[in-house]
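2 protein chains.
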Amino acid sequence: MKQAIVARTDIGMGQGKLAAQVAHASLSAYEDTDPGARTDWKGGGQKKVVLKASGESEIFELADRAEREGVPHAVIRDAGHTQLESGTVTALAVGPAADDRVDRVTGHLSLF
Amino acid sequence: MKQAIVARTDIGMGQGKLAAQVAHASLSAYEDTDPGARTDWKGGGQKKVVLKASGESEIFELADRAEREGVPHAVIRDAGHTQLESGTVTALAVGPAADDRVDRVTGHLSLF
Numbered sequence: 001m002k003q004a005i006v007a008r009t010d011i012g013m014g015q016g017k018l019a020a021q022v023a024h025a026s027l028s029a030y031e032d033t034d035p036g037a038r039t040d041w042k043g044g045g046q047k048k049v050v051l052k053a054s055g056e057s058e059i060f061e062l063a064d065r066a067e068r069e070g071v072p073h074a075v076i077r078d079a080g081h082t083q084l085e086s087g088t089v090t091a092l093a094v095g096p097a098a099d100d101r102v103d104r105v106t107g108h109l110s111l112f
Numbered sequence: 113m114k115q116a117i118v119a120r121t122d123i124g125m126g127q128g129k130l131a132a133q134v135a136h137a138s139l140s141a142y143e144d145t146d147p148g149a150r151t152d153w154k155g156g157g158q159k160k161v162v163l164k165a166s167g168e169s170e171i172f173e174l175a176d177r178a179e180r181e182g183v184p185h186a187v188i189r190d191a192g193h194t195q196l197e198s199g200t201v202t203a204l205a206v207g208p209a210a211d212d213r214v215d216r217v218t219g220h221l222s223l224f
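Protein chains in written order, with this note's numbering: chain A, 1 to 112; chain B, 113 to 224.
In case anyone wonders, no lab produced these hints; they're calculated from the structure.
Any given hint could be a false lead.
[Unchecked claim] Reference listing, derived: stretches of chain A covered by chain B, where coverage requires no fewer than 3 residues with Cβ under 8 Å from a Cβ of chain B:
| no. | region |
| --- | --- |
| 1 | 14–20 |
| 2 | 96–103 |
[What the hints assert, rightly or not] Facing chain B, according to a computed beta carbon distance under 8 Å, are these residues of chain A, among others:
| no. | residue |
| --- | --- |
| 3 | His24 |
| 4 | Leu27 |
| 5 | Gly45 |
| 6 | Leu111 |
Backbone N, C-alpha and C fix where the C-beta goes; we use that ideal spot for every residue, glycine too.
Please put together the full structure from these sequences, using the hints given.
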């Protein structure tokens, strides 16, 4: 079991901003995951990887792929209080789900 | 309502590592929070701030302060698969809770 969180590299997020957006995505997708999968993932230490996306269109393509694979996922938009324009897409979380199901969506991406 | 996540600056975490540890802390403290506070926080957009701690001792002091204030919190140790030695303390999440309660614990820290 793992969760992949994909964040944009093209909008100049600072380290703290990036971390907050990744956390937001992680929790949002987790809440859309069924209780059994949640428990399995937590029992295995909440394995997470943070990956790079080149821009908004790649985030949407990955979200669509997750939807078609039936993997829980969440696209995050920034509230726009700091740094970014309100509504800017920043990150996507995929899973938690079985490693191979997550990899079918994000397995080709580079580590952040 | 907000959640503060405090991460160490002294262990050379890369951006992706930092984001994963912050996400882990965020979810762990959230799970220790009562359902009413969870709902309030999510209704307000899951407000999060990511803050700096100078080292392990500061993380433990802040965790102790959160404990005494009765604010939900979670200290995260890295599983040690990459970058860090297994068991290294990386981050602390405080809240979600009312802003003033979180600020009594972390209000003096700098943004990451």
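Status of the hints after comparison with the structure:
1. 14–20: holds (count 7)
2. 96–103: Coverage by chain B is violated for the region 96–103 of chain A (0 residues, Cβ < 8 Å).
3. His24: 6 Å, holds
4. Leu27: 6 Å, holds
5. Gly45: With a closest approach of 5 Å, the Gly45 of chain A hint holds.
6. Leu111: Holds, about 6 Å.
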